[in-house]
Amino acid sequence: MKVAIIETEHFQYGLTQSELFEGEEKFFFVTQVMYDKMHEYNSALCNGKFHVISGLDEEYDKVIRICKEENIEVLLLSPIFKGFVGALKIAENLICKKVITIHNLNFWLNARFRTSKYYKERKLKQKIVANFDYIAVEDFMFNYIRNNDKSLFKKHKFLYIPFTIFHKREGKKFHKENNRLKIVLTGSIHKERRRYEDVIKAIHFFAEKQTNITFSFAGRPLEDYGKWVVSELDKANKIHPGIAEYFPIEGLITPDMFLKEMETSDLVLSTSTTEFKALGTTEYIGKTKPTAAIHDMMSFELPGLLPAHLIVPENLKGSVFNYAGADELKGILQNLLDKPELLKDWKKQAIINSTYFTAAEIRKNLPFFYTQCKRCVMDNANDPNIWFDKEGNCNYCNDDYTYIQSESNVNIKKPESLTRLITKIKEDGATKKYDCVVGVSGGLDSAYLVYKLVKLGVRPIAVHFDNGWNSEAATQNIETLLKKLNVDLYTYVCDWEEFKDLQMSFLKAGVVDIELVTDHAISATVYDAAKKFNTKYIFQGHNQSSEFILPEAWIHWKNDALNIKSIHKKYGSVRLKTLPLLTFFKEYYHLKYRKTNYIYLLDYIDYNKKEAELILKEEFGWKNYGAKHNESIFTRFYQNYILPKKFNIDKRKAHLSSLICSNQITREEALEELKTRCWETDETKQDKAYVLKKLGVSETIFDAWMEETPVSHFDFASYLTRHNQIITALKKLIGKK
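Quick note on my numbering: the sequence shown kicks off at 6 and runs consecutively.
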C-alpha cells in the first residue's frame with residue numbers, strides 16, 4: 006500500500022500516522038519545521054520518502070503531481086489551520102482513499118462566522134470535507150458522535166486516529182523521592198479550556214488537614230486566570246508546604262520537566278471544560294479537549310479522574326473514573342489515601358488498559374487493514390460503522406447478544422405475551438372479515454408467519470406487492486400456501502414501465518440501496534391495505550433471529566419518500582402514478598390517528614429457519630429459492646452481483662452473522678458458505694442476462710454503471726437532511742425515536 010502523509014502543523018500526528026502504516030510504502034509532505042521536529046523526536050518512524058513543501062497553498066501542485074506519479078492509495082491530511090485552498094485542490098484532484106484529521110468539528114461543519122473572510126473559509130472547509138472519504142477524530146469525539154449523534158455519524162465516515170500511540174516503557178528516567186500521593190494536572194492553565202475551582206477547593210481542604218498529598222500542575226499558567234490559580238496554590242503552600250507544584254509562568258519548559266512530573270505521579274486529574282470558546286464559536290460539545298489528559302493517562306500507564314460531564318472511554322474503564330464537584334473529588338482522593346491497595350488496583354488496570362492503545366489495536370478499526378470479527382463473520386471490507394472491541398468481537402454481534410439478554414426480549418418471549426397479543430387482535434377483529442393484514446413475498450419468513458397466524462386462530466388477509474420480479478418459485482409458494490390455509494390474497498400490481506423507469510433511475514444514480522423503491526412500496530402497500538380492510542394490525546416476517554445484523558452503510562432509510570422522488574426527478578422520465586408512497590404525513594395518520602400497529606410475530610417465538618423450512622416443505626411443498634430474499638429475481642441479482650461488484654458489499658455476511666448469533670449455524674459453516682463467489686455463479690450470469698433484457702439496457706452500459714464511483718443517497722434530497730428539523734418534530738409526534 007502506498008500512503009501519503011501531509012503534515013504542516015503537528016509533527017506528532019505525522020509520527021502517529023507513520024506508525025499506523027508501518028510496513029507500507031510511505032511518502033511524507035512536510036514543512037521544514039515539521040521535517041526537523043519529526044526526525045528529532047523519532048527518526049525511526051521517518052522511514053519513508055520526504056518531500057519538503059513551503060505550504061499547501063504554495064505547493065499543492067507538487068503534492069498532486071507526486072501522488073499521481075506514485076499511484077498513492079491512501080492520503081492522510083493532519084489538522085490544518087491554513088492552506089485551505091491547497092487542501093481542496095489536493096482533495097479534488099486525487100483519486101484514492103482520503104482521510105482528514107479534524108480537531109474542532111464546529112470550525113469545519115457547523116460554525117457561523119460573521120465576517121466575509123471567515124464565511125469564505127467556512128465554505129472552503131465544507132468543500133474540503135465533502136471531498137474527503139473519512140474524517141479522523143480523537144477517541145472522545147468518535148465515541149460521542151457514534152453513540153449520541155447518529156445522524157452525523159451516518160452522514161460522514163468517521164475514524165478514530167489518536168494524537169499519540171502507546172508504547173511500553175522499558176524503564177523510568179525519574180523516580181519518586183517520597184511516599185506522598187502525587188496528583189498531576191496536565192495542560193496549560195487556561196480558563197476556557199480547563200477550570201480549576203474545584204481542584205483549588207480540594208487543595209485548600211487537604212492543606213488545612215496537612216495531608217500527605219501533592220498536586221503538580223504540569224502546564225504553563227496563562228493570562229490572568231493562570232496567575233490567579235498560581236496565587237491560590239501559593240496560599241495553600243504557605244499552609245502546607247509542598248502541597249502544590251507548578252511550572253513557571255515565564256521561561257523554558259523542557260521535555261524532561263514534563264517527563265519528570267509524569268513519571269513521579271500516581272494519578273492524572275483532568276479539569277477539562279464542557280465548552281471551549283474561540284473565534285466566536287463553541288467547540289463541538291467540547292468532546293475533544295479531554296483527549297490530552299486521556300493520552301497522558303494512557304502513555305504513562307496511570308489511572309485518572311475526569312469531570313462528570315465527560316465520558317470515560319470504554320477501554321479505560323477500571324482505571325479512569327468520574328468525579329462531580331469538589332466534594333466528590335475530595336472524597337475520592339481521601340479514599341485513595343486511606344486505602345493504598347485501591348490505588349495499586351487502579352494502577353494494575355491502567356497498565357492493562359494502556360495496551361488497547363497500541364498501533365495494532367488501533368489498526369483493527371481502520372478500513373485500510375482487513376479485520377474480521379472473531380465471533381461472527383462481519384468485517385470492515387466496506388463498513389465504516391463497524392467497531393471491534395478488545396476481544397476482537399464486533400459491535401454488531403455485541404449488540405445482538407445485548408438484545409438477546411435484554412429485559413424487553415426476555416419478556417416478549419414469554420408465552421403470556423403472545424397470548425395477550427393474539428387475544429387482543431381476535432377481539433378487535435370479531436366483527437370484521439379479517440383480523441389483520443400480513444405481508445407476503447413468497448419467502449420463508451413471511452410464509453411461516455402466515456402459517457403461524459392461522460395456527461393461532463387469526464384470520465389474516467395476505468398482501469403482496471408485485472413489482473414484476475417474482476421468481477416462479479415465489480409465486481408458486483404463495484399460491485400453494487394460501488390455498489391450503491384458506492387465506493385470501495390481495496395483490497397490488499405496480500405499472501411495469503413506471504417501476505422499470507424508477508429502478509433505472511437508481512441504477513443511473515449509483516446509490517447503494519436500489520431496493521429502497523421496493524421496500525418502501527411494500528410498506529406503503531400494507532399500510533394502504535390495513536385501511537382498505539379496516540384493520541389496525543400489520544404483521545411482517547422481519548425478525549431479530551435472522552435479520553438483527555445489517556450495517557446502516559449498506560442501506561438507506563426505507564421511509565424516505567423524498568429521496569425516491571428526488572432521484573427519480575433527476576434520472577427518470579415516466580411519471581409516478583401507481584407507485585405507493587409512504588410520506589411522513591401518511592405515516593403519522595396511520596400511527597397516530599388510525600393507531601395502526603406493526604407487529605413482528607416471529608420475535609415472540611424461538612424462530613428457527615431450518616425448522617420452519619422443514620414444516621413448510623412437509624405440509625405445503627414449499628420450494629427453497631436459495632439465499633435470503635432470493636424469492637425476487639432482481640433482489641437476488643442485486644445482492645449477488647450489484648452489491649459485491651459495485652459497492653464491495655457481500656450481504657450474506659450480515660445474514661449469516663445473524664444466524665450465528667442466534668445459534669442457528671456455526672461460524673465455520675458461515676465461512677464455508679462465503680467461499681462461494683456468488684457474483685460468478687452460473688445462476689448469477691443467467692440472472693444478469695435476464696435482468697438486463699427485462700430492463701432494456703445493454704451490457705456495455707450496465708457494466709459502465711458498475712464501474713462508476715458510488716454516490717451517496719445524501720447527494721439527493723432526503724427527509725434525513727434538508728428536512729431534518731421537521732422530521733424530528735414529526736417523529737416526536739409519532740412517538741418514534
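Hints are supplied without guarantee of correctness; some may be wrong.
Straight-line C-alpha distance at most 30 Å; calculated BS3-like pairs for lysine-lysine [to be verified]: (1) 177 / 187; (2) 94 / 178; (3) 488 / 437; (4) 162 / 582; (5) 582 / 537; (6) 155 / 103; (7) 349 / 173; (8) 42 / 177; (9) 650 / 698; (10) 437 / 178; (11) 160 / 650; (12) 698 / 513; (13) 240 / 460; (14) 651 / 693; (15) 344 / 160.
Pair by pair, the computed Cβ-Cβ distance ranges are [said to hold, decoys possible]: (16) 674 / 409: 15 to 23 Å; (17) 484 / 701: 25 to 33 Å; (18) 712 / 588: 31 to 39 Å; (19) 124 / 233: 47 to 55 Å.
Please keep in mind that the hints were generated in silico from the structure rather than gathered at the bench.
None of the values given here were measured: they were computed from a predicted structure.
Idealized CB from N, CA, C, for every residue including glycine.
Against the structure, the hints come out as follows:
1. Restraint check for residue 177 and residue 187: satisfied, since their Cα atoms lie roughly 16 Å apart, inside the 30 Å limit.
2. A hinted pair counts as satisfied when its Cα atoms are at most 30 Å apart, and residue 94 with residue 178 does not qualify at roughly 46 Å.
3. At roughly 21 Å between alpha-carbon atoms, residue 488 and residue 437 fall within 30 Å of each other, so this suggested pair holds.
4. For the hint pairing residue 162 with residue 582, the CA-to-CA distance comes to about 36 Å; that exceeds 30 Å, so the pair is violated.
5. A C-alpha spacing of about 19 Å is found between residue 582 and residue 537, which places the hinted pair at or below 30 Å, so the restraint holds.
6. Taken as a hint, the residue 155 and residue 103 pair is honoured in the structure, with Cα atoms around 22 Å apart against an allowance of 30 Å.
7. Distance check on the hinted pair: residue 349 and residue 173 sit about 19 Å apart at the alpha-carbon level, within 30 Å; holds.
8. For the suggested pair residue 42 and residue 177, the alpha carbons sit about 23 Å apart, so the restraint of at most 30 Å is met.
9. Taking the CA atoms of residue 650 and residue 698, the gap is near 19 Å; set against the 30 Å cutoff, the hint holds.
10. Between the alpha carbons of residue 437 and residue 178 the distance comes to roughly 84 Å, so the proposed pair goes past 30 Å and is violated.
11. Note on residue 160 and residue 650: the hinted pairing holds, with a Cα-Cα distance of about 23 Å set against a maximum of 30 Å.
12. For the hint linking residue 698 to residue 513, the alpha-carbon distance of about 16 Å falls within 30 Å, and the restraint holds.
13. Restraint check for residue 240 and residue 460: the C-alpha separation of about 81 Å exceeds 30 Å, so the hint is violated.
14. As the CA atoms of residue 651 and residue 693 are separated by approximately 14 Å, the hinted pair is consistent with the 30 Å bound.
15. The hinted pair formed by residue 344 and residue 160 fails the criterion: a straight-line CA distance of about 48 Å is larger than 30 Å.
16. Checking the proposed 15 to 23 Å range against residue 674 and residue 409 shows it holds: the Cβ atoms sit about 20 Å from each other.
17. The hinted range of 25 to 33 Å is satisfied by residue 484 and residue 701, whose Cβ atoms lie roughly 29 Å apart.
18. Checking the proposed 31 to 39 Å range against residue 712 and residue 588 shows it holds: the Cβ atoms sit about 35 Å from each other.
19. Separation of residue 124 from residue 233 is about 36 Å and departs from the stated range, judged on CB atoms against 47 to 55 Å.
Checked against the numbered hints given earlier, this structure breaks hints 2, 4, 10, 13, 15, 19; the rest are met.
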